[in-house]
Amino acid sequence: MIVARREALTGRALLIVLIAITILPFVSLFTTALHPSGTYPSGLDWPSDPQWGNFTEAFRSARMGEILTSSVLIVLGVVPVSLLIATMAGFAIGHLRMAGGQVLFIVFLLGITLPFEGVITPLYYQVRDLGLLNTRWAIILPLIGLFMPFSVFWMRAHFVNMPTDLSEAARMDGANTWQLFWRIHVPLAGPAISSLAILLFLWTWNQFLLAIVLVDEPTKRTMAGALGAFQGQWGTDIPLLCAGSLLILTPTLIVFLIFQRRFVSALLEGSLKG
Amino acid sequence: MLDTLDVSEDRPRAAVRPRVRSSAQPAALRTPAWVGWIFVAPALLIYAWFVLWPLVLTFQYSLYDWDGIGPSTWVGLENYSKVFTDPDLSKTIVNAFKLIVFFSAIPVVLGLLIASTIRQIAGSRLALVARTVVFLPQVIPLVAAGIAWSWMLSSTGLVNQFLSLIGLDGVTRAWLGDFSTALPAVGVIGAWVLLGLCTLLLLAGMSRIDQSLYEAARMDGAGPFREFVHITVPHLRQEIGVCVTVTVIAALAAFDIVYVSTQGGPGNATMVPGLEIYYQAFSERHVGVASALAVVLMALVLVCVLPIQWLTRKDSG
Chain P
1 MIVARREALT GRALLIVLIA ITILPFVSLF TTALHPSGTY PSGLDWPSDP QWGNFTEAFR
61 SARMGEILTS SVLIVLGVVP VSLLIATMAG FAIGHLRMAG GQVLFIVFLL GITLPFEGVI
121 TPLYYQVRDL GLLNTRWAII LPLIGLFMPF SVFWMRAHFV NMPTDLSEAA RMDGANTWQL
181 FWRIHVPLAG PAISSLAILL FLWTWNQFLL AIVLVDEPTK RTMAGALGAF QGQWGTDIPL
241 LCAGSLLILT PTLIVFLIFQ RRFVSALLEG SLKG
Chain E
275 MLDTLDVSED RPRAAVRPRV RSSAQPAALR TPAWVGWIFV APALLIYAWF VLWPLVLTFQ
335 YSLYDWDGIG PSTWVGLENY SKVFTDPDLS KTIVNAFKLI VFFSAIPVVL GLLIASTIRQ
395 IAGSRLALVA RTVVFLPQVI PLVAAGIAWS WMLSSTGLVN QFLSLIGLDG VTRAWLGDFS
455 TALPAVGVIG AWVLLGLCTL LLLAGMSRID QSLYEAARMD GAGPFREFVH ITVPHLRQEI
515 GVCVTVTVIA ALAAFDIVYV STQGGPGNAT MVPGLEIYYQ AFSERHVGVA SALAVVLMAL
575 VLVCVLPIQW LTRKDSG
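So the protein sequences, as listed, match chains P and E.
Sequential numbering of the first sequence, starting at 1, is according to the working numbering.
Sequential numbering of the second sequence, starting at 275, is according to the working numbering.
Just so you know, these hints were derived from the structure itself, not from any lab.
Be careful, since some hints might not be right.
For each label pair, taking beta carbons as the anchor points, the in silico distance ranges come out as [stated by the list, open to error]:
id, chain 1, residue 1, chain 2, residue 2, range
1, E, Ile343, P, Val17, 50 to 60 Å
2, E, Ala490, P, Val107, 46 to 56 Å
3, E, Ala490, P, Gln179, 29 to 39 Å
4, E, Pro361, P, Leu84, 43 to 53 Å
5, P, Gln233, E, Arg511, 40 to 50 Å
6, E, Leu576, P, Pro80, 54 to 64 Å
7, E, Val403, P, Ser194, 23 to 33 Å
8, P, Pro163, E, Ser364, 52 to 62 Å
Where is the CB? At the ideal position from N, CA and C, for every residue including glycine.
Using the sequences provided together with the hints, build the complete structure.
Written out as structure tokens, the structure reads:
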């Protein structure tokens with residue numbers, strides 16, 4: 001009994017330390033962001049005269065409105081298409097199990113541990129030859145391809161476990177393969193698809209390498225890529241840089257807090273499967 | 275990994291519906307193979323276009339000397355020998371392995387210790403708050419984590435403030451700017467990002483361990499340490515494997531954090547393969563060298579990840 005209580009107490013203390021370590025960098029960003037622009041304050045120091053204007057200043061000079069729009073456009077370009085084609089592929093490989101499907105699946109798996117740096121150089125020349133450098137397509141098209149191994153893997157894992165009687169019944173009623181897929185299996189795959197949607201949203205929004213290599217104009221990049229440019233521009237003005245970083249964090253934080261339960265389970269499942 | 279991966283992911287549910295595990299296609303589902311291929315075609319096409327083909331090109335570029343604009347010359351394996359003999363290039367690989375200590379070993383070991391300590395209070399309100407909070411580093415862009423920590427680790431940052439507070443004035447420094455501490459400092463940022471994920475993954479795994487095992491161990495007079503070694507760790511083999519895989523890939527392929535916190539400096543004390551590929555390809559215009567390093571990096575990832583998968587999943591399915 002005593003041992004158990006002492007363990008619970010140590011557990012609580014550890015949790016609090018863990019929470020503190022996780023949060024402190026954000027708190028430090030926040031207090032620093034409130035210091036007068038151009039100063040060099042110390043790590044954790046509440047300013048005597050908080051400069052809330054730094055946030056509006058950062059919003060304006062980083063052209064945050066345009067960056068937000070750009071990130072949303074990129075997400076809209078990547079996520080729905082990826083979901084649709086990955087679900088179709090997962091359905092065919094996992095449920096229809098056509099001849100050659102297993103080999104195909106292994107071909108997709110080949111890409112699952114691929115670091116993006118491995119293909120970034122040829123991607124640059126490919127995108128240049130397509131005339132798409134410096135456009136949002138330069139991020140959208142390669143990202144869809146790069147997300148396919150994981151997405152197909154994820155959806156196949158769902159369809160492999162779907163019972164076949166359902167499809168047999170639908171077949172009896174004369175459904176063709178597309179109707180079977182779209183009317184019966186897609187609605188049933190809702191949870192798997194929405195978890196995948198969360199992961200793809202997050203990975204697109206936070207994509208950095210593709211953004212800085214393929215797009216020069218910060219306002220056509222993802223949020224993360226724009227932050228890189230913002231750092232180059234404001235690297236010396238610490239309070240403004242901190243304010244900008246916080247602004248760029250905010251959208252994902254809000255989305256995370258709204259969908260936190262789904263996020264946590266999607267991320268845990270995602271890493272378990274990947 | 276290729277065939278072990280799908281074994282484990284089917285495993286939990288397979289017991290419930292053994293019927294669907296038969297690999298043959300049921301008669302009523304008999305669909306001509308070409309229909310299946312049409313369903314796969316869009317995914318396959320874009321994957322081939324933006325992953326498989328660039329992979330082939332990376333191999334091809336790695337055998338040439340090319341500045342990205344003019345004509346290219348065939349140099350055989352010369353770029354590869356450069357990667358391993360040029361100290362600036364081979365150092366990046368050594369650095370990547372050093373980062374594994376911080377990105378993998380620390381989060382996994384600490385994660386195990388934390389998870390087993392908080393196992394009993396996993397249902398408390400504090401634990402639920404912690405569950406949300408420790409996920410924040412996973413949700414924000416790595417670039418933002420890099421900026422926040424560059425500030426934390428700067429000469430006037432919070433880390434030094436704290437050290438002064440506990441009387442360690444002597445060791446304070448600009449951690450990311452000092453040749454001897456820059457790489458560990460980058461490692462700390464990675465450890466911060468990955469610790470929460472590992473802790474939660476391991477905690478989720480622990481909740482699936484049969485509680486009666488612990489009760490039996492208590493009856494036999496086992497303390498927390500022996501429980502940890504004899505029950506917790508062996509039962510978490512698969513989760514530990516997942517944590518190690520994810521974190522090792524994050525260490526070897528590190529880019530975002532290093533790019534914003536040190537840009538590979540001071541000197542090239544924190545240069546890692548991902549960043550070197552970027553500089554070689556787009557600043558130095560040594561496309562061949564960059565591609566050779568890219569091939570080496572991809573090979574390293576596979577060489578590290580495949581044995582981990584094999585070790586931790588072999589007899590779990």
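So the hint says 54 to 64 Å: do the beta-carbon atoms of Leu576 (chain E) and Pro80 (chain P) match that? Given range 54 to 64 Å: violated, Cβ gap about 32 Å.
Range hint 40 to 50 Å: satisfied by the CB atoms of Gln233 (chain P) and Arg511 (chain E)? holds, 48 Å
For the pair Val403 (chain E) and Ser194 (chain P), does the Cβ-Cβ distance stay inside 23 to 33 Å? Roughly 25 Å apart at Cβ, these two residues keep to the hinted range, so it holds.
Do Pro163 (chain P) and Ser364 (chain E) keep their Cβ atoms within the hinted range of 52 to 62 Å? holds, 54 Å
Range agreement (Cβ of Gln179 (chain P) with Cβ of Ala490 (chain E), hint 29 to 39 Å): At roughly 54 Å between Cβ atoms, Gln179 (chain P) and Ala490 (chain E) fall outside 29 to 39 Å, so the hint is violated.
Evaluate the given range 50 to 60 Å for the C-beta pair formed by Ile343 (chain E) and Val17 (chain P). Holds, at about 54 Å.
Note whether the CB distance of Pro361 (chain E) and Leu84 (chain P) lies within 43 to 53 Å or breaks it. This hint holds: roughly 49 Å between Cβ atoms.
Can the suggested window of 46 to 56 Å be confirmed for the beta-carbon pair Ala490 (chain E) and Val107 (chain P)? holds, 47 Å
When each numbered hint is compared with the structure, violations occur for hints 3 and 6.
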